[in-house]
Amino acid sequence: MSAATPVLPSEQTAPSYLTASFGIRSWLLTVDHKRVGLLYLATISVFFTIAGIFAGLIRLELLTPAGDMFQADTYNKLFTMHGMIMAFFFLIPSIPAVFGNFLLPLMIGARDVAFPKLNLLSWYVFSVGGLFSIISLVTGGVDTGWTFYTPYSSTYSNSSVITAGLGIFITGFSSILTGMNFMVTIHKMRAPGLTWFRLPLFVWAHYATSIIQVLATPVIAITIVLLALERILGAGIFDPRLGGDPVLFQHLFWFYSHPVVYIMVLPSMGVVSEIIACGARKRIFGYKIIAFSSLAIAVLGFLVWGHHMFVSGQSEYAGIVFSFLTMFIAVPSAIKVFNWMGTLYKGSIVYSTPMLYALGFIGLFTLGGLTGLFLATLAVDVHVHDTYFVVAHFHYVMVGGALFGYLGAIHFWWPKITGRLYPEAWGRLSAAIIFIGFNLTFFPQFVLGYLGMPRRYHAYPEEFQVLNVMSTAGATILAIGYMMPVIYLIWSMRYGKRASSNPWGATGLEWETASPPPTENFEGTPVVTRGAYAYAEEGAVVR
Amino acid sequence: MSANTLEAAAEESHGLVAHQFDDAEQQHEAATLGMWAFLVTEVLFFGGLMLGYAVFRSKFPDAFSAGSHELDVGLGAFNTVILIISSLTMAMAVHSGQVGNKKGVALFLVLTLLFGGIFLGVKGVEYADKFEHHLIPGLLFDYHGEAGAGVNPKNVELFFFLYFAMTGVHALHMIIGAGIVLVWLLPRALQGAYGSEYSSPIEMFGLYWHFVDIVWIFLYPLLYLVGRHQ
Amino acid sequence: MSAQHIVPLRVYFSVFAALLAFTALTVWVAYIDLGALNIYVALGIAATKASLVMLYFMHLKYSSRLAQLFSVSGFLWLALLLGFVLADENTRDWLHPPSGWAGQYEQAPASHDAPQTEH
Numbered sequence: 438m439s440a441a442t443p444v445l446p447s448e449q450t451a452p453s454y455l456t457a458s459f460g461i462r463s464w465l466l467t468v469d470h471k472r473v474g475l476l477y478l479a480t481i482s483v484f485f486t487i488a489g490i491f492a493g494l495i496r497l498e499l500l501t502p503a504g505d506m507f508q509a510d511t512y513n514k515l516f517t518m519h520g521m522i523m524a525f526f527f528l529i530p531s532i533p534a535v536f537g538n539f540l541l542p543l544m545i546g547a548r549d550v551a552f553p554k555l556n557l558l559s560w561y562v563f564s565v566g567g568l569f570s571i572i573s574l575v576t577g578g579v580d581t582g583w584t585f586y587t588p589y590s591s592t593y594s595n596s597s598v599i600t601a602g603l604g605i606f607i608t609g610f611s612s613i614l615t616g617m618n619f620m621v622t623i624h625k626m627r628a629p630g631l632t633w634f635r636l637p638l639f640v641w642a643h644y645a646t647s648i649i650q651v652l653a654t655p656v657i658a659i660t661i662v663l664l665a666l667e668r669i670l671g672a673g674i675f676d677p678r679l680g681g682d683p684v685l686f687q688h689l690f691w692f693y694s695h696p697v698v699y700i701m702v703l704p705s706m707g708v709v710s711e712i713i714a715c716g717a718r719k720r721i722f723g724y725k726i727i728a729f730s731s732l733a734i735a736v737l738g739f740l741v742w743g744h745h746m747f748v749s750g751q752s753e754y755a756g757i758v759f760s761f762l763t764m765f766i767a768v769p770s771a772i773k774v775f776n777w778m779g780t781l782y783k784g785s786i787v788y789s790t791p792m793l794y795a796l797g798f799i800g801l802f803t804l805g806g807l808t809g810l811f812l813a814t815l816a817v818d819v820h821v822h823d824t825y826f827v828v829a830h831f832h833y834v835m836v837g838g839a840l841f842g843y844l845g846a847i848h849f850w851w852p853k854i855t856g857r858l859y860p861e862a863w864g865r866l867s868a869a870i871i872f873i874g875f876n877l878t879f880f881p882q883f884v885l886g887y888l889g890m891p892r893r894y895h896a897y898p899e900e901f902q903v904l905n906v907m908s909t910a911g912a913t914i915l916a917i918g919y920m921m922p923v924i925y926l927i928w929s930m931r932y933g934k935r936a937s938s939n940p941w942g943a944t945g946l947e948w949e950t951a952s953p954p955p956t957e958n959f960e961g962t963p964v965v966t967r968g969a970y971a972y973a974e975e976g977a978v979v980r
Numbered sequence: 015m016s017a018n019t020l021e022a023a024a025e026e027s028h029g030l031v032a033h034q035f036d037d038a039e040q041q042h043e044a045a046t047l048g049m050w051a052f053l054v055t056e057v058l059f060f061g062g063l064m065l066g067y068a069v070f071r072s073k074f075p076d077a078f079s080a081g082s083h084e085l086d087v088g089l090g091a092f093n094t095v096i097l098i099i100s101s102l103t104m105a106m107a108v109h110s111g112q113v114g115n116k117k118g119v120a121l122f123l124v125l126t127l128l129f130g131g132i133f134l135g136v137k138g139v140e141y142a143d144k145f146e147h148h149l150i151p152g153l154l155f156d157y158h159g160e161a162g163a164g165v166n167p168k169n170v171e172l173f174f175f176l177y178f179a180m181t182g183v184h185a186l187h188m189i190i191g192a193g194i195v196l197v198w199l200l201p202r203a204l205q206g207a208y209g210s211e212y213s214s215p216i217e218m219f220g221l222y223w224h225f226v227d228i229v230w231i232f233l234y235p236l237l238y239l240v241g242r243h244q
Numbered sequence: 051m052s053a054q055h056i057v058p059l060r061v062y063f064s065v066f067a068a069l070l071a072f073t074a075l076t077v078w079v080a081y082i083d084l085g086a087l088n089i090y091v092a093l094g095i096a097a098t099k100a101s102l103v104m105l106y107f108m109h110l111k112y113s114s115r116l117a118q119l120f121s122v123s124g125f126l127w128l129a130l131l132l133g134f135v136l137a138d139e140n141t142r143d144w145l146h147p148p149s150g151w152a153g154q155y156e157q158a159p160a161s162h163d164a165p166q167t168e169h
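Chains as they are written, first to last, in the working numbering: chain R, 438 to 980; chain A, 15 to 244; chain Y, 51 to 169.
Heads up, some of the hints might be wrong.
[Stated by the list, open to error] In silico lysine-lysine, BS3-like type, Cα no more than 30 Å apart, as pairs:
| no. | chain 1 | residue 1 | chain 2 | residue 2 |
| --- | --- | --- | --- | --- |
| 1 | Y | K111 | A | K116 |
| 2 | A | K137 | A | K73 |
| 3 | R | K725 | R | K783 |
| 4 | A | K116 | R | K554 |
| 5 | A | K144 | A | K168 |
| 6 | R | K554 | A | K117 |
| 7 | A | K168 | Y | K111 |
| 8 | R | K719 | R | K934 |
| 9 | A | K137 | A | K168 |
| 10 | A | K73 | A | K144 |
| 11 | R | K783 | R | K719 |
[Said to hold, decoys possible] Have a look at the derived ranges for each label pair, beta carbon to beta carbon:
| no. | chain 1 | residue 1 | chain 2 | residue 2 | range |
| --- | --- | --- | --- | --- | --- |
| 12 | R | Y754 | Y | S101 | 30 to 38 Å |
| 13 | A | G159 | Y | S101 | 31 to 39 Å |
| 14 | Y | D143 | A | A38 | 57 to 65 Å |
| 15 | R | Y589 | A | D143 | 29 to 37 Å |
| 16 | Y | A129 | A | D143 | 32 to 40 Å |
| 17 | A | G159 | R | P677 | 55 to 63 Å |
| 18 | A | F145 | R | E900 | 36 to 44 Å |
| 19 | Y | S101 | A | Q40 | 24 to 32 Å |
| 20 | Y | L145 | R | P891 | 24 to 32 Å |
| 21 | R | Y593 | A | D143 | 46 to 54 Å |
| 22 | Y | S101 | R | P677 | 34 to 42 Å |
| 23 | R | E861 | Y | L145 | 20 to 28 Å |
If you are wondering where the hints come from, they were derived from the structure by calculation, not from laboratory data.
Just so it is clear, CB atoms sit at the ideal spot from N, CA and C, and this is done for glycine as well.
Chain R with its partners taken away, still in its complex shape (with noise of 0.2 Å):
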């Protein structure tokens, strides 16, 4: 990266992106991606508000054994808008829609991303896909589980399903045209000098994501409009009366929603490169093989859907092939968790708050990929299949993972974004909430999953209680850890600190511009003459 010298607030010549123009429709009609990751910021704000409301009244009433609090078809309205809307309203977008729409084009030195105005239209989508998993939830809500099965969501629920459906299958294109965008961009639009294997890991992280998203989101559209189909006319190719498959939904549905996971994760690995290297002052070890581990994680992603549904009637061989694979799924995860703990070997280490996230994301992603190869082993997952094994799982991967790359990318790319600091202890606190309330949440999950609790009951046997209400207790620490940041980093846009250019002192062509950037993000075009994450070299960034 060329060294530059920090540009300070004073001498700021271009207005930022922020103040360049002023009123509502300089912001609907934008076509600059830092406001689009922006809208984006806001609307999925609001997805995570409600679906995280949802998980508060599924813990609710899993406090006592009984199904005392909601009737079992309302529970199952929760426990399906939950998973629904954070899914596929929260974190498929939450890392690319905002952080790489915000930072692709600064990180590779470009005006924008490859095509704006289709930019712009993704965001639309999603919200008009986001309206109609509202409408759907007005209408009396869904109550199939996020994962939508046949024969039950074809023929036999009397809930919204397809109005849910086409929410979801609207808000798929949005996935499409960002992966589309962030594809050509990255392809297209690096600056002079700006290879492949000088790109920050974070790039290589949105660039498998996109591959995933391209050709994977196809699958569950054609699957939606499948089931839509049998719904209104009463038969289809999954209903058993006409000689149809319902476990052949499952292997269209898990074909998406299995590298649907990576793209949730994915993003997230990529930001934790980022952070790593910024808090250990270090050049990331084994920068080829973390970028090439990416890309392997998005191909092998798609070959190994088949371990959701071991027990569903598949083919004991499929079954056989399915636990193979997902086993190597592993590797390269674990090639990064290496990498990372390469990094910080003999770094010189600063416990900031993205860095907290990113520690917590490495030991809580562990963990949760480690109960992963439980559940793929097949004699295992016969007993932990549709407990709460799997719902300690995923959530280790998702919430631990996942969002915790997510709020790790909040706080470091914050005053990037606003041009305000936010306020350092309070950030480091909310952290160590966070990771207290998520531990105390879903740990015990496991072990009551192990004993044998179903997953999406309401009501359970008494000796779960005590493990019950130790989730539930977790839940309402989280519940608070995640309203802290959003306390004081509304606080900080107002009244934090302003940043400089680089207050983390960190590598990276965004780095190198305002902070908040002016709209077309540099003056002139970079050129870069070395690679990334060049800390304690020569001429390197200093603070």
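Given chain R's structure and the hints, the job is docking chains A and Y onto it.
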């Protein structure tokens, strides 16, 4: 100058190159790649339907044969030829744009639209015929064909579900394509917007239209030509 | 990728003629009994037609390696989907429960639990 909004971006595009690109070549390459990425998603979209077809044809070959016999081979072949012609006219439209024949662009777009319309008209005729013969899947389905005793009418209903799903989604893509031509490309072509310096939208739409043709190239034998030797 | 390659019109017309010929061929072959091969011949002809459209009408022959890679990967991923799912559907009844299984299940609930049913 900041190209912050749609209006500002339009103003700031130096000539025909959008503000985020350095030159026309980069813009064209980006557009091509973007379009191919989109077509990849379409392959997987239709692919899901192909999967359903593959699974159930291998399970119920006789029912699929019986169902296929209800379709008109001649009409299907006619439609295939129509669509191939429309692909040719689309290729001619792109060619016209590239050599600067602005009138040719408009002409060939109109022809493409025409042949596309014929295709959809024939499909409408076919659908109406299926409706009359009670072959729409669902409550009204009632198969009375000449299939042998071994064929379960329920499986024939499965064939028709796939028939309508596949041709329906295909027709929808054609309607959307026709809409794009009618509402966006043709008006601009008539204004002479597409010439040798800039005909990228025609080219990109051409990719889309050819892809829709390719889908039908597969659909025709898969749906109309099952077990015809019997 | 260099400036746009303009495909000569005669190439378009030749491809057009070939597409019509292959259409006629696929109809003709459909009426000949090739047994299990019918479907593969039909798919092969369709794939040939599709390749002609992609290479010449869609200019893939003259496009960047990257565009060619994109197009191939779409079909590759589709093959993945089809391959794995068909493998499952066609091997469902390969593995049979151990002998005596059904007999155990039909007896009245004995001292040990009934075998776990798939759900």
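Against the structure, the hints:
Straight-line distance between C-alpha atoms of K111 (chain Y) and K116 (chain A) comes to about 25 Å, which keeps the hinted pair within the 30 Å bound. Annotation: proposed proximity of K137 (chain A) to K73 (chain A) holds, straight-line Cα distance about 27 Å (limit 30 Å). Simply put, K725 (chain R) and K783 (chain R) have alpha-carbon atoms about 20 Å apart, close enough for the 30 Å limit, and the pair holds. For the hint linking K116 (chain A) to K554 (chain R), the alpha-carbon distance of about 26 Å falls within 30 Å, and the restraint holds.
Restraint check: the Cα-Cα separation between K144 (chain A) and K168 (chain A) comes to about 16 Å, which is no more than 30 Å; the hinted pair holds. Restraint check for K554 (chain R) and K117 (chain A): satisfied, since their Cα atoms lie roughly 29 Å apart, inside the 30 Å limit. Under the criterion of a C-alpha separation no larger than 30 Å, the hint pairing K168 (chain A) with K111 (chain Y) is inconsistent with the structure, at around 45 Å. For the hint pairing K719 (chain R) with K934 (chain R), the CA-to-CA distance comes to about 27 Å; that is within 30 Å, so the pair holds.
Distance check on the hinted pair: K137 (chain A) and K168 (chain A) sit about 24 Å apart at the alpha-carbon level, within 30 Å; holds. Restraint check: the Cα-Cα separation between K73 (chain A) and K144 (chain A) comes to about 24 Å, which is no more than 30 Å; the hinted pair holds. Among the hinted pairs, K783 (chain R) with K719 (chain R) is consistent with the structure: their alpha-carbon atoms are about 9 Å apart, no more than 30 Å. For Y754 (chain R) and S101 (chain Y), the hinted distance range of 30 to 38 Å is satisfied, since their beta carbons lie about 33 Å from each other.
Our hint of 31 to 39 Å for G159 (chain A) and S101 (chain Y) holds, since their Cβ atoms are close to 35 Å apart. Checked against the hint of 57 to 65 Å, the pair D143 (chain Y) and A38 (chain A) passes, with Cβ atoms roughly 60 Å apart. Between Y589 (chain R) and D143 (chain A), the C-beta spacing of about 35 Å keeps the proposed range 29 to 37 Å intact. Here the CB-CB span from A129 (chain Y) to D143 (chain A) is close to 35 Å, well matched to the stated 32 to 40 Å.
Range check, G159 (chain A) to P677 (chain R): Cβ separation about 23 Å, and the 55 to 63 Å hint is violated. About 59 Å separates the C-beta atoms of F145 (chain A) and E900 (chain R), a value inconsistent with the hinted range of 36 to 44 Å. A hinted range of 24 to 32 Å for the beta carbons of S101 (chain Y) and Q40 (chain A) is consistent with their spacing of about 29 Å. A beta carbon spacing of about 26 Å between L145 (chain Y) and P891 (chain R) agrees with the range 24 to 32 Å that was offered as a hint.
Distance hint check: the CB atoms of Y593 (chain R) and D143 (chain A) are about 33 Å apart, inconsistent with the given range 46 to 54 Å. Between S101 (chain Y) and P677 (chain R) the CB atoms are about 38 Å apart, so this pair conforms to the stated range of 34 to 42 Å. Checking the proposed 20 to 28 Å range against E861 (chain R) and L145 (chain Y) shows it is violated: the Cβ atoms sit about 59 Å from each other.
Against the hints set out earlier in the document, violations occur for numbers 7, 17, 18, 21 and 23.
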